[in-house]
Amino acid sequence: MSRLNVEQIRRDFPILKRLVRGKPLVYLDNAATSQKPRQVIAALVDYYENRNANVHRGVHSLSEEATNMVEAVRAKTAKFIGAPKPETVVFTRNATESINLVAHGWGRKCLKSGDEVVLTEMEHHSNLVPWQLLAKERGLVLKYVPVELDGTLDLAKVRATVGAKTKLFSFVALSNALGTVNPVAEMIKIGKQAGATVLVDACQWAPHRKLDVQSWGADFVAFSAHKMLGPTGIGVLWGREELLESMDPFLGGGDMISRVTLEGATWNELPYKFEAGTPNIADAIAFGPALDYLNALGLDAIAEHEERLAALAVKLLEAEPSVTVLGPKDPAKRSGVVSFNIAGLHPHDVGTSFDLEGVAVRVGHHCCQPLMHKLQCGGTARASFYLYNDESDVEALGRALNRTLEFFKIRPKAGVL
Amino acid sequence: MEGDAELQDLYREVLLDYFRSTSRKGKLDPADVRAHGINPVCGDELEITARREGGKIAALRYSGHGCVISQASAAMMGEALEGKSEAKARELVKAFKKMMLENAPVASLPEELEPLSSLEGVRKFPLRVKCATLAWNTIAQGLDAAPASKEA
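Going down the list, the sequences are from chains S and E.
For what it's worth, the working numbering labels the leading residue of the first sequence as 20, then goes sequentially.
For what it's worth, the working numbering labels the leading residue of the second sequence as 33, then goes sequentially.
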């Protein structure tokens, strides 16, 4: 049994009451973005109705209030990820921007022609393209840790790929496409022992598992608020203080300077050096109640709950001979993400057919085209669970599957429905 | 069953027949027109090859992995365009896209495109419209990139 009171939780998520194509919404696209509890929505409304002001520069009360609220969420975020100091938490637009910030602010300054950057074949496009762009500009050598056919990484191959010339090792903690839970701590250790700077894409980790940047020992960690009950438009880059201090700014403008003359400028202190222009104040503030919500339920209970549902979904899907579930077989290596294919049916047709049952799943390459290529499939259908899902959602997945298999004559219609 | 009616409205029997048909699948080699299309939504790739003869599209083939809608649309397009002059082919591409993208009435489709009326239901699924138009955009690009010689 779940440690979560899902019935009560569901009452906090207004969207779960709506109908989709005449059926109650069954939201199983949480790896793309999570739904938002009313506490987060209320914080957004409260900011715009009662507190709206620009931060940092005003001496009037509203500005001070807004500034304090943003900084309180920064401190809360720091605590949530075990960061030693709030100023090591930089607010960005999303994890993609966080990674681009590292590529520009650190990569352009510290990487030179011939330096190696190691990534893995299971990376999201957001952890591939910034490095491909930088490699082209700076003559870097990109190397990839190969992914096994079961969607896992082999630590021996990580060791064989990361070497003395590796200046950066950047990898995903938990695969958005397959749900693979990578051996993050070991991988960071391998990178650090080789003398590399290590960046962890924790987008799928942060919403579901305890993240402690200090015990991980990486140099940079990136994630997005919108996948963890928070609003869109807020991402986080955590970095080791001395690295952030040594970096060049990413974007130039207001707020990120300490002094500007017509000849040049000096940079503001952390984290403002990296937060040029008016920040996303409202969404930063509304990220606070999202973190409170996760803290109140407890990430361990959340992970346990969604992994149990995912296991039920895997069981249901694997009972069909025409269905292939991708990713690791070992439940210990799998999160609440279930990626699958139906023989003879394109994922897009699966997605549309499921939508008619009110079931929202993601279909396609999940922004992981190299991984799909390696697994020799153009894409998959993906069901991803979160704290407000329950057994009835798994049952709906089963109904959508039955309906699809029957309609496309992949399985003969059952005698009794 | 209510559900089946919904699925049938989108995936009409004609559509499924064209999807399963292999008569225009493959690649022509040599070919006068070659075009490669990518659906940005799903990353599906479609390759279309065609041969000209006496100012007409004599044969058209498509290859690549795709969903029911994109593959059936390509198959129906091949059938509709074979034997047509390039000017006529371009006209048909335009008429089909008008139906899919501008919601032009299905009854206004030229008779050569009659089977394409089976894609009507796709218009209720805006993200899937790109699946239906992929082959048509691809052949249009191919014709533009490899114009027929003047004397043809």
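Simulated from the structure, these hints should not be mistaken for laboratory data.
Cβ coordinates follow ideal geometry from the N, Cα and C atoms, glycine included.
One or more hints might be untrue.
Covered by chain S, according to a simulated footprint, are these stretches of chain E (three or more residues, beta-carbon under 8 angstroms) [as the list claims (entries may be wrong)]:
| hint | region |
| --- | --- |
| 1 | 72-86 |
| 2 | 96-104 |
| 3 | 114-125 |
Pairwise CB distance ranges, derived in the manner of DEER restraints [said to hold, decoys possible]:
| hint | chain 1 | residue 1 | chain 2 | residue 2 | range |
| --- | --- | --- | --- | --- | --- |
| 4 | S | 236 | E | 40 | 49 to 59 angstroms |
| 5 | E | 173 | S | 395 | 50 to 60 angstroms |
| 6 | E | 95 | S | 168 | 39 to 49 angstroms |
| 7 | E | 45 | S | 348 | 34 to 44 angstroms |
| 8 | E | 45 | S | 205 | 27 to 37 angstroms |
| 9 | E | 159 | S | 183 | 20 to 30 angstroms |
Going down the list of hints, with the structure as the test:
1. Using a Cβ-Cβ cut-off of 8 angstroms, 4 residues of the region 72-86 of chain E lie near chain S, which meets the minimum of three, so the contact claim holds.
2. With 5 residues having a beta carbon nearer than 8 angstroms to a beta carbon of chain S, the region 96-104 of chain E meets the requirement of three or more and the stated coverage holds.
3. Residues of the region 114-125 of chain E lying with their CB closer than 8 angstroms to a CB of chain S number 0, which falls below the three-residue condition for coverage.
4. Taking the beta carbon of each, residue 236 (chain S) and residue 40 (chain E) are about 57 angstroms apart, inside 49 to 59 angstroms as hinted.
5. Against the hinted window of 50 to 60 angstroms, the Cβ-Cβ separation of residue 173 (chain E) and residue 395 (chain S) comes to about 27 angstroms, which falls outside the hint.
6. Our hint of 39 to 49 angstroms for residue 95 (chain E) and residue 168 (chain S) is violated, since their Cβ atoms are close to 26 angstroms apart.
7. Our hint of 34 to 44 angstroms for residue 45 (chain E) and residue 348 (chain S) holds, since their Cβ atoms are close to 39 angstroms apart.
8. A C-beta distance of roughly 54 angstroms is found between residue 45 (chain E) and residue 205 (chain S), which places it outside the suggested range of 27 to 37 angstroms.
9. Taking the beta carbon of each, residue 159 (chain E) and residue 183 (chain S) are about 47 angstroms apart, not inside 20 to 30 angstroms as hinted.
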